[in-house]
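Number of protein chains: 2
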Amino acid sequence: MKILITGGAGFLGQRLARRLLAEYPGASTTLVLVDCVATGAFAGEPRVQAVECDISDRAALARLVTPDTAVVYHLAAIVSGQAEAEFDLGRRINLAATETLLELCRGLPAPPKFVFASSMAVFGGAPADAITEQTAVYPQSSYGTQKAIGELLVNDYSRRGFVDGRAVRLPTIAVRAGKPNRAASSFVSGIMREPLHGQPAVCPVGREVLVAISSPQAVVENLVHAHRVPAAALGTNRTLILPGLSVTIGEMIDTLARVAGADVAARIRFERDEAVERIVLTWPARLDASRARSLGFQVDADFESILRSFQREAGI
Amino acid sequence: MKILITGGAGFLGQRLARRLLAEYPGASTTLVLVDCVATGAFAGEPRVQAVECDISDRAALARLVTPDTAVVYHLAAIVSGQAEAEFDLGRRINLAATETLLELCRGLPAPPKFVFASSMAVFGGAPADAITEQTAVYPQSSYGTQKAIGELLVNDYSRRGFVDGRAVRLPTIAVRAGKPNRAASSFVSGIMREPLHGQPAVCPVGREVLVAISSPQAVVENLVHAHRVPAAALGTNRTLILPGLSVTIGEMIDTLARVAGADVAARIRFERDEAVERIVLTWPARLDASRARSLGFQVDADFESILRSFQREAGI
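So the sequences go chain by chain: A and B. End of the first sequence = 315 in numbering that gives the first Met the number 0, gap-free, step of one. End of the second sequence = 315 in numbering that gives the first Met the number 0, gap-free, step of one.
By construction, these hints were calculated from the structure, which means they are not laboratory data. Hints are not guaranteed to be accurate.
Pulled from the structure, derived: some chain B residues nowhere near chain A, Cβ distances all over 10 Å [to be verified]:
#1 14
#2 43
#3 59
#4 203
#5 207
#6 230
#7 263
#8 290
Okay, the calculated bits of chain B under chain A, using three or more residues with CB under 8 Å as the criterion [unchecked claim]:
#9 135-141
#10 148-154
Some, not all, of what chain A presents toward chain B, calculated at C-beta under 8 Å [claimed, not checked]:
#11 141
#12 144
#13 155
Note that beta-carbon positions come from the ideal geometry of N, C-alpha and C, so glycine has one too.
Build out the structure end to end from the sequences listed, making use of the hints.
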């Protein structure tokens, strides 16, 4: 079984790859990690091929989507903040490349499982009630627009039998290791990660702001689960809201103070950033993920356990 | 003021052009009617330029989207039945050309009004309640998918200030003059038009089927209105459900018998067509168009007046 992961060198892609290698220990499962920079993280692992590829280059991508491709994880994206700042780049990667990838999958002898990482950014207008799969999308960013279009394509390509698609709307992932990125939500991890590493952090929104988050572990488990849910259980609607934990920024900071000490939490400084607020405050913070839950997708227990597992992994 | 109409040689495009010429009688308003076949219907009218153009040909389209373009009506589409049968053609015209047209508009010195003809086919799953602009799209055809994507693009391009967009979801237009087309809804006009012209007609769905329709006159008035509604009144959601009259096929046929005679209505034969049913029965038949109504869009009074105005125009 060949599994292709776009964005395979990224934070999520690498974690997913490791998890899939463990899940399928046999030599017959191979992974191709496609990204704009090849990752060296799997050097010496014969079952992993890391490929540097501009996924908007159709010919290059076509060489990777070979007839034995059974599963595609399409994680690659220009994140929200960057897609807003660089519209053409966002169009090229988030829109055109997604369509190209689906077209290449359509050409395969058997329709592959196609797991598309979508986002709560398809919603907007700060919905007051918990959003469901019956809530109209209303993206307030080009990133959210492009993800909503990807969902529609995945549904149509699935309906036509070209792929066996699963578009999963990921909550904000926190706490992420590594450096800040250009996602508007990057600060949600940053305000925990940086203070734990002894560094100052800026919080661009108020304590009262509610966010729906998921730990990297839960998201990766849910991504693995996504390719295994039977098509019949999904039916014709291939778009799923993944569960997320609703927590305020204030609760996160209080948990940090409790777990790591008030001096650590004191490294956070509040400085409103209207550009970030304009995007983040329109995202839904209350999710009705009952369909995903009934299909076996997971949710984190509470924020403290998320924070402690980040500390454990980071060795802090 | 230059007004560009794609699909300008079509049934709706020609009617819209005539209406706009009457609305703006001055010499300064010019129309460019773009279609895969140039219409000769406006020969001798100096204010109309009819152009044959494959709108998926970017270079050809670019020559028409000139800096003086103030309004674009994007009506051209591969209709539902054909887009389902010829997927690549639908993608090329309904998806790629729509994006190209928006991109060309983005390059204009001032953002043009951009009226996009969308469709109730963005909905699916035979919604029981009246659909609103807060109802999630759920297209069950590639045509509906492509229209839903067009709406998302129009919203994003409007949000970014590239165009001043208005995506209007048209109900089924009936009674259309002319020949049947490959829209799955073509029969809704056919079962009235053909009998009135002394010809037999086949009805592929049962009498009980409810449809939401709009007369050509009402749709054209609403399209004209669409480019004039102030942007501020529309706000950030540029997608509008246009009003439609909810009527059953049986009521339409009874009206035909009453207005034109039982012998005329007897020319309709029922013969179920599952391919048509599969598409048409998932479309919403009850529309909550209260936003459009409050913005001044029109609705037909009843089916009898729709039928009588078709007869009047056809001289029957």
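Quick rundown of the hints versus the structure:
no. : hint    : result
1   : 14      : holds (30 Å)
2   : 43      : holds (42 Å)
3   : 59      : holds (21 Å)
4   : 203     : holds (21 Å)
5   : 207     : holds (24 Å)
6   : 230     : holds (17 Å)
7   : 263     : holds (39 Å)
8   : 290     : holds (13 Å)
9   : 135-141 : holds (count 6)
10  : 148-154 : holds (count 4)
11  : 141     : holds (6 Å)
12  : 144     : holds (4 Å)
13  : 155     : holds (4 Å)
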